[in-house]
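*Asks:* Just so you know, the sequences run in chain order E, W, S and U.
According to my numbering, the stretch in the first sequence is residues 19 to 225, in order.
According to my numbering, the stretch in the second sequence is residues 19 to 225, in order.
According to my numbering, the stretch in the third sequence is residues 28 to 251, in order.
According to my numbering, the stretch in the fourth sequence is residues 28 to 251, in order.
These are calculated hints, taken from the structure and not from any lab test.
Note that the coordinates shown come from a computational prediction; the quantities given were computed from them, not determined experimentally.
Even glycine gets a Cβ: it sits at the ideal position worked out from N, Cα and C.
Fair warning: there could be bad hints in the mix.
Calculated cross-link-like contacts (lysine-lysine; reagent style DSS-like; alpha-carbon spacing at most 27 Å) [as the list claims (entries may be wrong)]:
| id | chain 1 | residue 1 | chain 2 | residue 2 |
| --- | --- | --- | --- | --- |
| 1 | S | 164 | W | 52 |
| 2 | W | 52 | S | 146 |
| 3 | U | 164 | E | 52 |
| 4 | S | 146 | S | 58 |
| 5 | E | 90 | U | 138 |
| 6 | S | 138 | W | 90 |
| 7 | U | 58 | E | 148 |
| 8 | U | 146 | E | 52 |
| 9 | U | 58 | U | 164 |
| 10 | E | 148 | U | 146 |
| 11 | S | 138 | W | 148 |
| 12 | S | 164 | W | 148 |
| 13 | S | 164 | S | 58 |
| 14 | U | 58 | U | 138 |
Which residues of chain E face chain U? A partial, calculated answer using Cβ under 7 Å [to be verified]:
| id | residue |
| --- | --- |
| 15 | 39 |
| 16 | 51 |
| 17 | 58 |
| 18 | 95 |
| 19 | 104 |
| 20 | 105 |
| 21 | 112 |
| 22 | 144 |
| 23 | 146 |
| 24 | 157 |
| 25 | 178 |
| 26 | 180 |
| 27 | 183 |
Now the stretches of chain S that chain W is said to cover, found in silico as 3 or more residues with beta-carbon under 8 Å [claimed, not checked]:
| id | stretch |
| --- | --- |
| 28 | 99-105 |
| 29 | 137-148 |
| 30 | 153-161 |
| 31 | 166-178 |
| 32 | 209-219 |
| 33 | 232-243 |
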Amino acid sequence: MTTQGPHPVSGTFPRSDEEIAARVKAMESILVEKDFIASDAIDYMSSVFENELGPHLGARATARAWFDPEFKLFLLADATAACREIDIGGIQGEEMIVLENTEDVHNVVVCTLCSCYPWPVLGLPPNWYKYPAYRSRAVRDPRGVMAEFGFDPGDDVEVKVWDSSAELRYWVLPRRPEGTEGWSEEELAALVTRDSLLGLTDASAPE
Amino acid sequence: MTTQGPHPVSGTFPRSDEEIAARVKAMESILVEKDFIASDAIDYMSSVFENELGPHLGARATARAWFDPEFKLFLLADATAACREIDIGGIQGEEMIVLENTEDVHNVVVCTLCSCYPWPVLGLPPNWYKYPAYRSRAVRDPRGVMAEFGFDPGDDVEVKVWDSSAELRYWVLPRRPEGTEGWSEEELAALVTRDSLLGLTDASAPE
Amino acid sequence: MDGIHDLGGRHGFGPVLHPDDEPIFHSDWEKTVLVMFPAMAMAGAFNLDEFRHGMEQIPPHDYITARYYEHWIDSMIHYGVERGVFDADELERRTQYYLNNPDEELLPSSKPEMVETLKGMIASGDDYHRPNDLPAKFATGDRVTVVDGPSLGHTRRPAYVRGRTGTIATLHGSYVYPDTNAMGEGEGSEYVYTVEFSGEELWGDEGANSTVYIDLWEPYLLPA
Amino acid sequence: MDGIHDLGGRHGFGPVLHPDDEPIFHSDWEKTVLVMFPAMAMAGAFNLDEFRHGMEQIPPHDYITARYYEHWIDSMIHYGVERGVFDADELERRTQYYLNNPDEELLPSSKPEMVETLKGMIASGDDYHRPNDLPAKFATGDRVTVVDGPSLGHTRRPAYVRGRTGTIATLHGSYVYPDTNAMGEGEGSEYVYTVEFSGEELWGDEGANSTVYIDLWEPYLLPA
């Protein structure tokens, strides 16, 4: 016997991939008919994000800063201009600010209210950056979150969390790993991960 | 093509009645084996709430208060003692407080943090009292909630919302409807609804 | 804790869906769950404040999509497993069994002394008063501000009144203190006050011509 | 609004599940949704702040159980229907059609001028600065308290900093003001500051040896 009344909420969650795909096709078909979009525009823009933009760009800027002290000063003073000099910049990074990790300070980036992220240096954000666990905890329990990424900045280090609530976009300049003296920019760039550019970890150690 | 990663949350919601029923049987079977519960205890207590406790008790106390001015004074001064006099009282109403609606003041009862409710006069709460919509809105938009119950206390009336956050239990003494002069207690009680004892509406008007 | 249960004033939950004819129990299992509460409390699995804290720890998506008594089930399992009443694997095994054999009902069982205990409990309830030798800090009419700031454990200090200033309406005496009782730190004894807040203080212009009364324990309050 | 999106410091969402190998697009439909954002914005269906406000209005259970780009879909439909880009019935009809014919793909279509526009947009982005003739009210080092109290419309003033006192770290210039731009009340122009809060101010003892920086518009701030 059951006579359950209205549920607290209606619907079944999560929705299936098939349902969403059908809805998006319906939207696209209407937008195409109204001449607001076309498949070549979708192919173009999605391929840019799939093939061109990504953490390798932030890694390149970081390696340059480790390699070239003057570029590092420029990057920390005006990240947008410094990145433009090496052909990095654009949408969702119109005004970038780079936060330097040091022996005493470790920086972490989050957007608690939505999903703001520095696209020109990192591409599109991973889902975890946009989901409630990270957004709720990064500002309150940053050390706990870093531990889940296998990283401990050390008890004496001050953790600075940057909540990207406006149109400024933050990213982290990780510390240059020890044992990389004399490395080339390309070799250095290979040590810079997406997670280190967000401050969830350090850059990788040399093998 | 889909390679959806972890969902923001796991599981499928809401769970089916069959799943819940199976889980409860499993729990009960263990508790019976440990001699912490028995089916006759379940039958006894659930039948009390199904057959004995309910809004007819609050209606009886209300009608008495409308009928007998001395009882009304007693009820407003010490609802627990006054109700005990007419054999109403017990669990989840160990300390009751009655709020009188007047021409100038309309009272509403809610529990924003869980589901506190005056069982001795109303029985078990309906689901809507325990679900997020009512709990979130009653303290902030009480007039909007009352409108959804088809009731408007009037713009000039002060709305007082009572959030039952401790072990005190609140309920409302609705205004006696006009046109009920000379009515018996039984006739009056028939006009008193659960919703009126919570302050979501007035008592019913005579037909 | 600052969980989803702290709902007062939150947006987005839509209209109050209130059918006219809601039954007292929507499914038979709800009857069992109702009675498991006193049964497990008597077995020492939890006290009332722990039970509430257990519900607050339900993941938010689950909290707002589950039927009401599922909250009870989850809190009962939370403490039941922690305190050895349930073995988690055994519970799961039996759940699967009953899911695969949905028509199998439990055999009738009898516990007359429990029926008697329940009879007394329903008639008399419980007593949450605890004597306190100290004088109450506030009196009717005093202006008080609710302690602001986050919560880690259990509390009955909802977000919507934190940092807000109101007036003591009633002093009710001293009671079990949920913030310690839910956390294994003892029942304590603290005065409870009904505090009156103007709608404007809580909600700005939205709150015009409304007042909110809420019961708050003395440690939640500071002189305004 | 005081919705589920305002997540900073809320409890209960569990560990951060972060697979090593997450693809850039998890399903093909995500590519379409990404590009529908600039397409619909250019068609005048919404501005950036409206788009965010549309996501905030997703019911809480849906907000926390949906995949990320479903938020975009919901906001696009919200404004698309409101502003005549989509007819709700037609959208539903076509959705059912594609659900019943899952293998049917849309025909290729071409809009070379849009490809050019997107190229420029990806390279240069947008400019949210708006000149403001008034002097900024605060300077680096000033102590400020964030306006407390609830929100009815769109705001970038999260609950976890409301009523908290911090220090101006940087003045960034004047920008579009989300609180009006999302509500059809004009772009406005307000100074944006990075404000520094000690962890203790926000979280008590939990916040030891941590600092939170957040960008706040001038109307959110009062002299401390």
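*Asks:* All hints are to be evaluated individually against the structure, with a verdict given for each.
*Replies:* Hint by hint, here is what the structure shows:
Only pairs whose Cα atoms come within 27 Å are accepted, and residue 164 (chain S) paired with residue 52 (chain W) is rejected, the gap being roughly 46 Å. For the hint pairing residue 52 (chain W) with residue 146 (chain S), the CA-to-CA distance comes to about 21 Å; that is within 27 Å, so the pair holds. Proposed proximity of residue 164 (chain U) and residue 52 (chain E) is contradicted: the alpha carbons are some 46 Å apart, above 27 Å. The straight-line distance between the Cα atoms of residue 146 (chain S) and residue 58 (chain S) is roughly 16 Å, inside the 27 Å bound, and the hint therefore holds.
The hinted pair formed by residue 90 (chain E) and residue 138 (chain U) fails the criterion: a straight-line CA distance of about 41 Å is larger than 27 Å. The hinted pair formed by residue 138 (chain S) and residue 90 (chain W) fails the criterion: a straight-line CA distance of about 41 Å is larger than 27 Å. For the given pair, residue 58 (chain U) sits about 17 Å from residue 148 (chain E) by alpha-carbon distance, which is consistent with the 27 Å threshold. For the hint pairing residue 146 (chain U) with residue 52 (chain E), the CA-to-CA distance comes to about 21 Å; that is within 27 Å, so the pair holds.
For the suggested pair residue 58 (chain U) and residue 164 (chain U), the alpha carbons sit about 43 Å apart, so the restraint of at most 27 Å is broken. As the CA atoms of residue 148 (chain E) and residue 146 (chain U) are separated by approximately 25 Å, the hinted pair is consistent with the 27 Å bound. For the hint linking residue 138 (chain S) to residue 148 (chain W), the alpha-carbon distance of about 31 Å lies beyond 27 Å, and the restraint is violated. A hinted pair counts as satisfied when its Cα atoms are at most 27 Å apart, and residue 164 (chain S) with residue 148 (chain W) does not qualify at roughly 33 Å.
Distance restraint check for residue 164 (chain S) and residue 58 (chain S): the Cα-Cα separation of roughly 43 Å exceeds the 27 Å cut-off, and the hinted pair is therefore not satisfied. The straight-line distance between the Cα atoms of residue 58 (chain U) and residue 138 (chain U) is roughly 17 Å, inside the 27 Å bound, and the hint therefore holds. Here the hint on residue 39 (chain E) is kept, as its CB sits about 5 Å from the closest CB of chain U, short of 7 Å. For residue 51 (chain E), the suggested interface contact is broken, since its CB lies about 9 Å from the closest CB of chain U, more than 7 Å.
Because the smallest distance between the Cβ of residue 58 (chain E) and any Cβ of chain U comes to about 5 Å, under 7 Å, the interface hint for this residue holds. For residue 95 (chain E), the shortest C-beta to C-beta distance to chain U is roughly 13 Å, which exceeds 7 Å, and the interface hint is violated. Because the closest C-beta pair between residue 104 (chain E) and chain U is about 14 Å apart, greater than 7 Å, the hint is violated. A least Cβ separation of about 10 Å between residue 105 (chain E) and chain U goes past the 7 Å threshold, and the interface hint is therefore violated.
A cut of 7 Å between beta carbons decides the hint on residue 112 (chain E): the least distance to chain U is about 4 Å, and the hint holds. With its C-beta approaching chain U no nearer than about 5 Å, residue 144 (chain E) sits inside the 7 Å limit, and its interface hint holds. Evaluation of the residue 146 (chain E) hint against chain U yields a held restraint, the C-beta minimum of about 4 Å falling below 7 Å. Satisfaction of the interface hint for residue 157 (chain E) is found here, the shortest Cβ-Cβ separation to chain U being roughly 5 Å, below the 7 Å cut-off.
Annotation: residue 178 (chain E) was flagged as interfacial toward chain U, and the flag holds, the nearest CB pair being 5 Å apart, inside 7 Å. Annotation: interface hint on residue 180 (chain E) holds; nearest CB of chain U at approximately 5 Å, less than 7 Å. Satisfaction of the interface hint for residue 183 (chain E) is found here, the shortest Cβ-Cβ separation to chain U being roughly 5 Å, below the 7 Å cut-off. Counting residues of the stretch 99-105 of chain S whose CB lies closer than 8 Å to any CB of chain W gives 3, so the stated coverage by that chain holds, three being the minimum.
Only when three residues or more bring their CB closer than 8 Å to a CB of chain W does the claim for the stretch 137-148 of chain S stand; here the count is 8, and the claim holds. Check result for the stretch 153-161 of chain S against chain W: holds, 3 residues qualifying (beta carbon to beta carbon below 8 Å, three or more required). A stretch counts as covered by a chain when three or more of its residues have a beta carbon under 8 Å from one of that chain; for the stretch 166-178 of chain S and chain W the count is 0, and the coverage is violated. For the stretch 209-219 of chain S, the stated coverage by chain W is not satisfied: 1 residues place a CB nearer than 8 Å to a CB of that chain, which falls below the threshold of 3.
Look at the stretch 232-243 of chain S against chain W: 10 of its residues bring a Cβ nearer than 8 Å to a Cβ of that chain, three or more, so the hint holds.
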